[in-house]
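Visitor: Residues per chain are reported as follows:
Number of protein chains: 2
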Amino acid sequence: MKCIKCSENAVISLYRHNAGFCKEHFTEYFHKQINKAAKDHKMFVKDDKVMVCVSGGKDSLVLWHILHSYGLDTTGMYVSLGIGEYSQKSKEKVRKFAEKHGLKAIIVDLEEKGHPIPMLASRTRRNACSVCGQVKRHYFNKVAFDEGFTVVATGHNLDDEAARLFGNVLRWDTAHLGKMSPNLPEDGDTMKRKVKPLMRLTEKEVAAYAFLHGIDYIPDECPMSKGASSLEYKKALNELESKMPGTKHFFYLEYFNLAADRFEIKEENKDKLKKCLKCGMDSYLDVCSFCRLMEKAE
Amino acid sequence: MKCIKCSENAVISLYRHNAGFCKEHFTEYFHKQINKAAKDHKMFVKDDKVMVCVSGGKDSLVLWHILHSYGLDTTGMYVSLGIGEYSQKSKEKVRKFAEKHGLKAIIVDLEEKGHPIPMLASRTRRNACSVCGQVKRHYFNKVAFDEGFTVVATGHNLDDEAARLFGNVLRWDTAHLGKMSPNLPEDGDTMKRKVKPLMRLTEKEVAAYAFLHGIDYIPDECPMSKGASSLEYKKALNELESKMPGTKHFFYLEYFNLAADRFEIKEENKDKLKKCLKCGMDSYLDVCSFCRLMEKAE
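Chains A and B, in that order, give the protein sequences.
Counting from 1, position 41 in the first sequence corresponds to residue 42 in my numbering; the numbering is continuous, with no gaps.
Counting from 1, position 197 in the second sequence corresponds to residue 198 in my numbering; the numbering is continuous, with no gaps.
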């Protein structure tokens, strides 16, 4: 296949766009998608202090790489989950990336804090992915608030977000359907704005970008995510995508144009935010879900 | 596996209900599902004159069998599509069923009318399934109106409807999401009420019922439906269902409890119905889509 821009040999073919690209024009395409996402959803404003949530995987490191290259003020934020070798390796990738680019990475180590994910999951008998999400959300919010960041950027890509939308639709989880925005407004004092600049790019495209630009990441999936429903949703969407290219792209991106307004949570229906009696973070209950999780695990 | 009701050997196992049933209790379960659908959605009223759309397949013949056994006033309505041997065989199944039960079947033969589906599809260069749906809808409406039926019943099952909902969601087709009801109200004078009493039962369950009760049907899929997107949607949902039993059931049935109201088409937003200048049936345009299709094919 040839690049549709310059007729050089293509390094990647994108069926949903019916196009192939050489390295240069793939890079151009990739940046265009990020710029379009950032512009359409007004993701960044002047003087933003950006906290980039990084896991050591391709998505978050590519995101950090790019936002930094745009001249934004970025700091990495890594939560070490305490999942054996996987956590060791991924922490190393983050450290090396920060060092190489002269950037700062804040590291929260759950092992040091005495509540690694495997322990929390087994003590509370809950699904590891759900516990992990809750814990990471807590530290993302807390660090962003404590350190005065104005916006939190995560590396969720088109596959992640389409799968999340699909899961929410299969359960008709209207509360979460109302929170799909790739630019979630801040809530209370302690929950900063959250943006997802890779929303228009697939997993495959992000992996290709990392490879072509020498971004070193941990390719392993988290060993605790085996059998996670999000992986089943991705698989189902990928099957459909292979038969009907563009399905995934349309389903996720057109949600915002065609249906998201129907799931908007009206101001008057929103629960009132309080401050958690234990940690002081914003919460809809007297004690926030993170502190309740900690209590349960003790 | 044993029947959960009487501990006899089960003839069918239903994973989504985590249950097995013997013939007697499966039949009881089957009828309960139909009664629940009919009651929840107020499908039938006293003195209804029911037109049952039959294709010769398991769903529509099981439906007719059951509605007749309930003492409802039913007439079959079959559209012979002009698809070679498939149409011949399915027409025979309908005729025999009607004869056996002393019921009347109205037969519209597209071959005799000079516009069989393969011809229409090739002349208009359109997808056969889409052309077929349009033509059948026209004749269903027309016959129901001409013959004074009060309600039109179709054999769509849980798999059919879940797949249709899934397709509408993937395209965020809000107009069709607003018309998912298994009891669609009448529209104008010429579009009668349409109900789907098998909405709570899967394809597998309907096939089992047909087998256990000696209902003879054509097991072949329409030869023109190969590669239809609805089949891909069914496949994707079945994959998920096998990993997470109950997914399909919840997705479709809870739509009506949790989200359908968000896609309701408000009275003031509805286009005004006119009478088609050619055939006189209700239409949103001067000439209805069926008559436009006929013009195009000529």
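One should not assume that every hint holds.
Repeated chains share a single entry, so a pair holds when one copy, or any two copies, can fit it.
[What the hints assert, rightly or not] For lysine-lysine, the following DSSO-like pairs were computed, each having C-alpha atoms within a straight-line distance of at most 30 Å:
1. 180 with 267
2. 279 with 205
3. 244 with 137
4. 276 with 3
5. 3 with 33
6. 276 with 205
7. 273 with 236
8. 6 with 101
9. 273 with 3
Just so you know, these hints were derived from the structure itself, not from any lab.
Visitor: Name the hints, by number, that the structure is in violation of.
Guide: 2, 4, 6, 7, 8 and 9
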